[in-house]
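Chain by chain, the residues:
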Amino acid sequence: MSVWLRSAGLWTSVLFVALLWFLLELQGVGAGEAARELWNGAFGSPRAWLATLRAFSPLCLCALSVTLAFRAGLWNIGAEGQLVLGALAGIATGLATNRVWLALLGGAIAGTLWAFIPAILKTYRGVPEVLCTIMMNFLALELLRALLAGSLQESSGQFLQSDPLPAAARLPEWSLTRSGGIHAGVLLTVVLAPLLFVLLWRTRVGLLIRGIAKSPATLRAQGFPVARLQVLTLSGAGALAGLAGAVEVTGVSHGLDTSIAQGAGYAAIAVALAARLHPLAVVPTALLFAGLASGTDSLQWIAEAPGLDRFALVVQGLVVLFVLAYLSWSGRRQRHG
Amino acid sequence: MDEFTLQILRLSLPLMLAALSETVAERSGTVNLGLEGMMLSGAWTACFIAAGESPGMLIVAWAAASAVGLILGLLLALWTAWWRSDQIVSGWALHFLCLGGTGLLFERFKSSETVTTFSELSGAWSWVPYGATVLFAGLIFLWMFRTRSGLRLQAAGHSPQGLRATGASPAWARTMGLMVAGALAGIAGATLTTVLTGQFVEGMSAGRGFLALSLVLLARWHPAGALVAGLFLGTAFGLELHLSTADQLGDPSPLRELLLRSAPYLATILALAVAGPKRLRAPAALGQPLPSTE
Numbered sequence: 000m001s002v003w004l005r006s007a008g009l010w011t012s013v014l015f016v017a018l019l020w021f022l023l024e025l026q027g028v029g030a031g032e033a034a035r036e037l038w039n040g041a042f043g044s045p046r047a048w049l050a051t052l053r054a055f056s057p058l059c060l061c062a063l064s065v066t067l068a069f070r071a072g073l074w075n076i077g078a079e080g081q082l083v084l085g086a087l088a089g090i091a092t093g094l095a096t097n098r099v100w101l102a103l104l105g106g107a108i109a110g111t112l113w114a115f116i117p118a119i120l121k122t123y124r125g126v127p128e129v130l131c132t133i134m135m136n137f138l139a140l141e142l143l144r145a146l147l148a149g150s151l152q153e154s155s156g157q158f159l160q161s162d163p164l165p166a167a168a169r170l171p172e173w174s175l176t177r178s179g180g181i182h183a184g185v186l187l188t189v190v191l192a193p194l195l196f197v198l199l200w201r202t203r204v205g206l207l208i209r210g211i212a213k214s215p216a217t218l219r220a221q222g223f224p225v226a227r228l229q230v231l232t233l234s235g236a237g238a239l240a241g242l243a244g245a246v247e248v249t250g251v252s253h254g255l256d257t258s259i260a261q262g263a264g265y266a267a268i269a270v271a272l273a274a275r276l277h278p279l280a281v282v283p284t285a286l287l288f289a290g291l292a293s294g295t296d297s298l299q300w301i302a303e304a305p306g307l308d309r310f311a312l313v314v315q316g317l318v319v320l321f322v323l324a325y326l327s328w329s330g331r332r333q334r335h336g
Numbered sequence: 000m001d002e003f004t005l006q007i008l009r010l011s012l013p014l015m016l017a018a019l020s021e022t023v024a025e026r027s028g029t030v031n032l033g034l035e036g037m038m039l040s041g042a043w044t045a046c047f048i049a050a051g052e053s054p055g056m057l058i059v060a061w062a063a064a065s066a067v068g069l070i071l072g073l074l075l076a077l078w079t080a081w082w083r084s085d086q087i088v089s090g091w092a093l094h095f096l097c098l099g100g101t102g103l104l105f106e107r108f109k110s111s112e113t114v115t116t117f118s119e120l121s122g123a124w125s126w127v128p129y130g131a132t133v134l135f136a137g138l139i140f141l142w143m144f145r146t147r148s149g150l151r152l153q154a155a156g157h158s159p160q161g162l163r164a165t166g167a168s169p170a171w172a173r174t175m176g177l178m179v180a181g182a183l184a185g186i187a188g189a190t191l192t193t194v195l196t197g198q199f200v201e202g203m204s205a206g207r208g209f210l211a212l213s214l215v216l217l218a219r220w221h222p223a224g225a226l227v228a229g230l231f232l233g234t235a236f237g238l239e240l241h242l243s244t245a246d247q248l249g250d251p252s253p254l255r256e257l258l259l260r261s262a263p264y265l266a267t268i269l270a271l272a273v274a275g276p277k278r279l280r281a282p283a284a285l286g287q288p289l290p291s292t293e
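For the record, the sequence lines run as chains Y and S.
In terms of numbering that gives the first Met the number 0, the first sequence opens at residue 0 and continues consecutively.
In terms of numbering that gives the first Met the number 0, the second sequence opens at residue 0 and continues consecutively.
Do not take every clue at face value.
[To be verified] SDA-like cross-link-like pairs, simulated, lysine to any residue; straight-line CA separation at most 20 Å: (1) Y/LYS213 to S/LEU77; (2) Y/LYS213 to Y/ARG203; (3) S/LYS277 to Y/PRO215.
If you're looking for bench data, these hints aren't it; they were derived computationally from the structure.
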């Protein structure tokens, strides 16, 4: 019992639930009822699972991207922008070539290039990648708006959206309910997570990447190409986030509008940290967060509380702060023995 | 003064104050990525207090905004200075907390009431925000470079171990830095609602906090530089606004619109790339957690 009382993890969880309860009450939604609806909307029915899985694969891919970059000590806040670029390239190549694999490839390449710019600026000009990737997010949003009003606009030219993708440029689906099914992007995501794990923990390059975070100076002194590795890692992270955007357009939305930038790239940071930057833990964590998103979505409809999507933002912030506090406290206890 | 110049000054104001705030935080060794969120919180608070009230309430609104910012700074200090969490990640989380929090509060206490802004007031009143900003910059300069506690603050950013060796606490110095930075960030946010728009809009800071983070590098961590850098970016914002309002009469091409709207961000990236922060002398322990006391 006393072990439990002293457990920082327990106290953070209690505090966390208490804060959530307070927030829900502030919104004028009864907490018990809200929790039930949240669960039903996230995992309670095949339809709910479908909504959760739709949110899952872009979120998980972005979280893998964040994991890769953070593991190298590169603060890539730019997953959101890289995702938008991936979606833009995905829809453009999809519409032009009618092939889904080309659309995915195009998305990954666009994400890579978008991350390449801050990577180069960091290694050769010393521009902090945190700042640069944040700016690149804003630029990506402007680019999205301009292209949707310009060359990518639908043929009638009325709305800020692209033409829908032809069937050949969509990801295959396994139908689950009458309204839709699980797209192949989910499978792709689940396969990529263990691959990233193998890359980071079972290869030489992975060892070097993780070494950069610990001590770049040591590696540089031993003659390893640190700058090149940093560029490679950040670009790889961009490829994953770009792929997330391409999966979103070819698997879920089948077209492109401004709703692509709904913050999956930002939420991914919370997911990656909550999973303590472990690729295999990212998968269930992303599923949980996707459930939270689709659950709050349906809760918004049922409880007629339209502000609830901000609730998800607050939860993301709180999760990260609590994970950090927990890590710090538990680390301290270990040192004290 | 003509309207265009005034517009530029108005747009520079939040950037200058935010850059000042970040100057203090970074001199003490903390990168405050929560700046944007702190600004949003200040903006909401100021709007909530001053909406529909007499102009005199504007001062109270500023005070309240700075108090909220100060508390948020204290919160961030708890994580970064005392629990030695990563600064980037904690600041980012705080930003999200504030972004979502102000959204929830705005939804809950939705008021269509607007604030009578400083710019709408006559005579000397309309110059109060600018006077205050210059005053703040001066005070911060005097504090950081001419007082014992200010030098301690800088020591916490340059060499926390050295500071500890003198018997002072680097954690306290960084906490103090974040409290002052938070208060200034709150006021920077307050200018958004009490000088620029007169109304709170969700996410209205539109990346100004993040831009200010870059401005500090260009300003070389100096209060006077913060004012100049703020003015530089304010001019970019002003030109964008000026040209795009002129555009609305015609039918601008998406490309032209794109270039205009991304001008402030592009200008910042370019300025950073040209300046090459590698050569700028940042506080030596900037971004690093404090060394363990054990």
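Verification of the supplied hints:
no. : hint                 : result
1   : Y/LYS213 to S/LEU77  : 24 Å, violated
2   : Y/LYS213 to Y/ARG203 : 15 Å, holds
3   : S/LYS277 to Y/PRO215 : 15 Å, holds
Taken one by one, the earlier hints fail for this structure only at number 1.
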